[in-house]
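> Read off the chains here:
Protein chains: 2
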Amino acid sequence: MKYGQFDATKKEYVIQTPNTPLPWINYLGTQEFFGMISNSGGGYCFMIDARKQRLTRYRYNNVPMDSGGRYLYIKDDQTGKMWAPGWMPVKADLDVYECRHGLGYTVITGEKDAIRVSTRYFVPFNESCEIWETDITNTGKRKKSFTLFSFVEFCGWEALNDATNLQRTLNLGEVEVDGSVIYHLTEYRERRNHFAYFAASEKIAGYDTDSESFLGRYNGFHEPRVVAEGKSRNSVACGWNPCGSHSIRITLKPGETRKMNFMLGYAQNPENEKFSAPGVLNKKRVRVTLKKYLNRKNSEKAFENVVKQWEELTGRFQVETPYKNLDMMVNTWNQYQCVTTYNMARSTSYYETGIGRGIGYRDACQDLYGAVHIMPPERSRTRILELAAIQWRNGATYHQYQQLDKKGNATIGVGFNDDPLWLILGTATYIKETGDWSILEEQAQFDNNPKDTATLYEHLIISVKHIMEHRGPHKLPLVGRADWNDCLNLIMTSIKPGDTFQGDATHASLKDKIGSVPESLMIAGQFVWAVGEFMRMAQHKKDRKNEKMAAAAVKEMQAAIIKHGWDGEWFVRAFDRFGKKVGSRENPEGKIFAESHGWIGMASVGKENGMLEKALDSVKERLFSRHGIVLQQPAYTKYNFYLGEMTSYPPGVKENGGIFCQPTGWLTISECNVGRGDQAMEYYKSICPAERESISDVHRCEPYVYAQMIAGPDSARFGEAKNSWLTGTAASSFLAVSQYILGIKPEYDGLLIDPCIPKGWKGFRVHRKFRNATYEINVVNPSHVSKGVKSVTVDGKTLAGCILPDFKDGKHHKVEVVMG
Amino acid sequence: MKYGQFDATKKEYVIQTPNTPLPWINYLGTQEFFGMISNSGGGYCFMIDARKQRLTRYRYNNVPMDSGGRYLYIKDDQTGKMWAPGWMPVKADLDVYECRHGLGYTVITGEKDAIRVSTRYFVPFNESCEIWETDITNTGKRKKSFTLFSFVEFCGWEALNDATNLQRTLNLGEVEVDGSVIYHLTEYRERRNHFAYFAASEKIAGYDTDSESFLGRYNGFHEPRVVAEGKSRNSVACGWNPCGSHSIRITLKPGETRKMNFMLGYAQNPENEKFSAPGVLNKKRVRVTLKKYLNRKNSEKAFENVVKQWEELTGRFQVETPYKNLDMMVNTWNQYQCVTTYNMARSTSYYETGIGRGIGYRDACQDLYGAVHIMPPERSRTRILELAAIQWRNGATYHQYQQLDKKGNATIGVGFNDDPLWLILGTATYIKETGDWSILEEQAQFDNNPKDTATLYEHLIISVKHIMEHRGPHKLPLVGRADWNDCLNLIMTSIKPGDTFQGDATHASLKDKIGSVPESLMIAGQFVWAVGEFMRMAQHKKDRKNEKMAAAAVKEMQAAIIKHGWDGEWFVRAFDRFGKKVGSRENPEGKIFAESHGWIGMASVGKENGMLEKALDSVKERLFSRHGIVLQQPAYTKYNFYLGEMTSYPPGVKENGGIFCQPTGWLTISECNVGRGDQAMEYYKSICPAERESISDVHRCEPYVYAQMIAGPDSARFGEAKNSWLTGTAASSFLAVSQYILGIKPEYDGLLIDPCIPKGWKGFRVHRKFRNATYEINVVNPSHVSKGVKSVTVDGKTLAGCILPDFKDGKHHKVEVVMG
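Chains A and R, in that order, are what the protein sequence lines are.
Numbers 76 to 895, taken from this note's numbering, label the letters of the first sequence in order.
Numbers 76 to 895, taken from this note's numbering, label the letters of the second sequence in order.
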């Protein structure tokens, strides 16, 4: 069944049945202050770092599911009933329920017994708070009087500590109540100079700041004592669990609406201005913000700004094709997800608990594919240089770095051998989008050492050489601790429960015999692609020596793939510590893998001799299911410590035969590379969230964003998605559909037009801002081909070739493309 | 109000009102398999390690409070109602509710609409399972038919990972159902060779193993869909959240009772016998256990054994005094808590989340005071030698070690300068109880290095020297990173939120100027006491050289305390990094502290010149409140990073003016040392749990065990306890009451009789097993003195002095003591 539908005009997803199979969430905020909000108001917010500065508490994987969030309660004088406009947590039947997730905001509306409560949640640009604009309407024919209660539960800032160090944390809670503003001051007395607040624009009848006082002993969020009694207790938290709750008495004539604002925010004071009197919070600064946004006129203006900003961001790429779900995803949701993924890394979602804090090397570069055209170029530039700075002199890179200090994460260390290549790919992506070659000349540190630096270009040379110097017996790249498939672990022998599968930074196996044998075909394919990009940079710099070095390396790698990687009908995945094939017809299980084909296909290796097409046919035949492309088949039925974590999963999930959605993007690209537009589209559709909306009871995750994984045919839950939102799938799918299917491809010298579409398509339109110009591209396909461009005219003039010039003129340009 | 009462005959605490202010818990198990159970069935169980091998899931500090546990539900055919005999989680009103916490078992009974369900939970000796013996009775006059549902939620073994690594864990869940046995097999396919099971003795009508299937989407534990529908769904978990639930159809005639057993346990198979067929659990071994304990006769026998064992354990020390609450605590609950504290270290309680795994150096030695007379001597002996082995050659000791590998915890490191003295005190406690001097000759490693060992006696010499070599400007012991008061931190300057307050093992301040200034009067007092014990050992070994060394050191330390530690009316607490007094009339806040007086008083320093009595008067005047002795006064109103974490707490809680209960024990001893039995008793009573039973709504924690802390007068929650069960208070109070008030004191040569009682007492009786004899001691106090023994007769013969001989004859001896 469906639980909602897309509203294309408003760029919203509209949920009308509250008990979605899983909480369907949205994000608020884009800069420093972020929130996660589910369709029934669950979730939390934080400032910059979801672990270290969490404002409100959220208990993951709780019972009931999605407990805790931004709650409003109504206690109706006439009926005596208590209910919540977001359905949760009370779950009282509503006469009307609607949740509208938009770009950067969510509107939740609930109505019962003629009281309608509608709240719009968003974070204003350049502010560290979220605003709840609540409109309350009497939709009936009699006067209604009732009490509205707000509720949030505060977090003691450091989220893991808050959940585990109870012998300390349950003693710390402190609050201050001033008029309609509740200040959460836990640890403000000591080393924090920041605090949280929860404010109401209205005169309040009462408040509560102590959870137990509000809820009542042994009560759940669904049955707060204070709401049942219709009266706040004016509790002042002293340790235990501080919360914020206002009560507001409301009487409405039929048809009357009352508008009010709530604000939930973070503020700080200078160290020497923390207190206005001993123990009294200095409220001077925060009052300015409060005054501004508790005013509805100002908050509405701020909201309009948020909408405008998102329109501008996503407006850089808009399409109109015969396939409406594609348009829906590309124009709105896929781009939105790409930005969210870029902002959140893999920190905060319904599955990521916000306490693992690193930004992944590979992830950050992957995410650029989807976000580089949207983000201000400085942000991408900065991130690439931060990534360069956690590379070692020998070319290895840390696998993660911390957002706050930008330092490589020494605990996790180096040795994921695809990482250095991602630096090349990230840099290429950036230059192609922006035309900013100067980034190559920027100095970047090695291992965060200010005394040891080189240009980014030199970092890239070192990356190339690092892979060439770390090859195995078949002259293919060593896999190290893992490549993109973090769970294919070929060097560790993990036997004890709880032991790492990948080995650690200092693990001897990295240097010993075992580490010098296992090879990855995925990295080999990636190498061909990435070093091809590097060659192009060397050409630009007229660095003949390294251009030649790179060309030779690519040739050598291609030859090794063809010679050692071919298994007869497809490419193998890897070689293990014994030099034996992984992903070969010789194996009883795990005969064929998606990843190596994705990257060999993206790099077009084996295209000339027909191997690639044959291999892609095998992928289709053996890995493609109605829910997407399975990572490998047959799934492993037993744990095999020579293969690692992959085989620790039950068959059909995650890396053991699950449908990891990201490779579906890669294989879509690969199909485009061999010119098979219909097949590419079939792959694209198979995991397209909007396409899966109609099977929401199977898919379960949000129908507007990609999930990391869908259970494969070996699982009893075939077709069920998990881990939505924060996945490289967002970027991979965007890359596939925008640059390969639609074929609007930023190149170093301009915008290449090279579509690969279903033959049935008559054409499509693209609106694309690129560097400093806007291209209105109309593609027609009179001969119903998948690939091939017969002519391109720009502003009425025929173009030689398919690369639209880099106009740099800030103007609109009409582009007519005829395929054939 | 009271929520229950003591049943002295059965040695049980009986709760009759289920909504206790906080969950009132009990422990099941004493060897490897442990459980925590609240009065309404909340809690969890684990095998050996609460973090690494947790069987069932428990979400700490949840809403509702105490959610998740061992649940039974009834769905009554006649009324259609659903309810739970433990009240939680359904919270339906019960006609009868009773929880009986006994030693090692808990019985929960609930009755509604003529169905009575009574379940006895316990862990048999030498088994890794808990048994639920459930008796169901029709107490009415008509036939009753209904369905009983059981429910537990499984944990994915590693508790922190289970709660946070959702992108992995939600994919792992696997189960197998075989008849009435549900097997939880998560990760069994890979590196675990152990599994959990939940079995019923009855033929079941159905089962569920998937939480969402059982509960229903967005439902809480209080409203499981399956129970509401009256029918199991026979769900088989595939990832997500595995659970175990049986449904059993029951029809009872009036007065009829049906008895059944459930078993929740841990089992393992040899690595090569994990499966009986591919993917099928080998059940051969576990079936033997299942068959045994699903049989009620066998389980009843096992239960009787548990009761008998606890009677033997606590029976080694039994008293009869004019003060019934003292008897209740000493004879049963205080001893029970001491054993629990010894078993659990500080791992698993309602406040300790079971994921911090170290055994504290200081804690382990403290706990011995309360447990050494109960535990088999080998266990105490082993633990002392384990503690010796984490000492460094220079005398410093790690602050914690891990239960599984016995290694010093390098992350936490060394530098808590009271630790080395605890090794002496622990050893003394052991020798005095057992007479086993041979422990001194045991070889023990340094820093867990098998190549670097010395006798325990040499370790003790090194401990003494370490303190002497680490003294500050006043020749008093350096405090290091902290002494007993972990939150009085004199060497770190912690400014950033989240930074450690105590510094870390490698922190430069330990070696620099700052670290070489701050001194602790608490350690000074402890030194006098501990090194006094060491002297006695040196005498025994005829090691004149070290006896002399120790005597001189004690003298020097006593002189330094008197000279530099006296503040005029009391002793100071410490000297800070500037050499200034902490805990002095010179300070505006924190003028006087409890800890230094506890230890100086226990060591009787300043007794001769009247300082001690004067200081203890000051303690009474300035620190004693109606809820116990406050740690320091006045509380700090501001954070002071020269004093550390202590000042991070709001006034009145924890180390900032809270009533830390352990020092109350020390000061009780100190009062006995100056002969003031009435004052000692007043202190003892002030924190005595049974005494506080009548103010349960203020105290909130269990009235049968000590809590770590009670909020002090500066807190809005004055009198409220926190962190019950796992606290050194258990042992300190037992030491105070048994050895100092009652004065039954194990000494090296025998059992010393030296009571210090309230003058009003006419006498008391003590039954004491000591080494290999039993002493039936009758003390009479005809002259109504507090202290002083006029005569002692043993088996009719007058004894010279007060030390009962060490008979070593396995016999009973009658001891008559006349005070005066």
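Think of the hints as simulated: they come from the structure by calculation, not from any bench.
All of these numbers come straight from a predicted model, not from anything done at the bench.
Hints are not guaranteed to be accurate.
To be verified - Quick partial rundown of chain R residues pointing at chain A, CB under 10 angstroms, derived from the structure:
1. N136
2. P139
3. G248
4. V252
5. S255
6. H297
7. L515
8. Q518
9. P709
10. K713
11. G733
All C-beta atoms in this analysis are idealised placements derived from N, C-alpha and C, irrespective of residue type, glycine included.
> Next step is simple, just say for each hint if it's right about the structure.
Okay, the hints, checked on the actual structure:
Below 10 angstroms, beta-carbon pairs count as interface contacts, and R/N136 has one with chain A at about 6 angstroms; its hint therefore holds. A hinted interface residue such as R/P139 counts as satisfied when its beta carbon comes closer than 10 angstroms to some beta carbon of chain A; here the least separation is about 5 angstroms, so the hint holds. Checking R/G248 against chain A: minimum C-beta separation of about 8 angstroms stays under 10 angstroms; hint holds. The criterion of a C-beta within 10 angstroms of any C-beta in chain A is not met by R/V252, whose closest approach is roughly 14 angstroms, and the hint is violated.
Checking R/S255 against chain A: minimum C-beta separation of about 22 angstroms lies over 10 angstroms; hint violated. The criterion of a C-beta within 10 angstroms of any C-beta in chain A is met by R/H297, whose closest approach is roughly 7 angstroms, and the hint holds. Here the hint on R/L515 is broken, as its CB sits about 36 angstroms from the closest CB of chain A, past 10 angstroms. Given the 10 angstroms rule on beta carbons, the hint for R/Q518 is violated: about 29 angstroms separates it from the nearest Cβ of chain A.
The interface hint given for R/P709 is violated, since its Cβ lies 13 angstroms from the closest Cβ of chain A, which is over the 10 angstroms cut-off. Hint on R/K713 holds. Least Cβ distance to chain A is approximately 7 angstroms, under the 10 angstroms limit. Because the smallest distance between the Cβ of R/G733 and any Cβ of chain A comes to about 8 angstroms, under 10 angstroms, the interface hint for this residue holds.
In this structure, the earlier hints numbered 4, 5, 7, 8 and 9 are contradicted, and the remaining ones agree with it.
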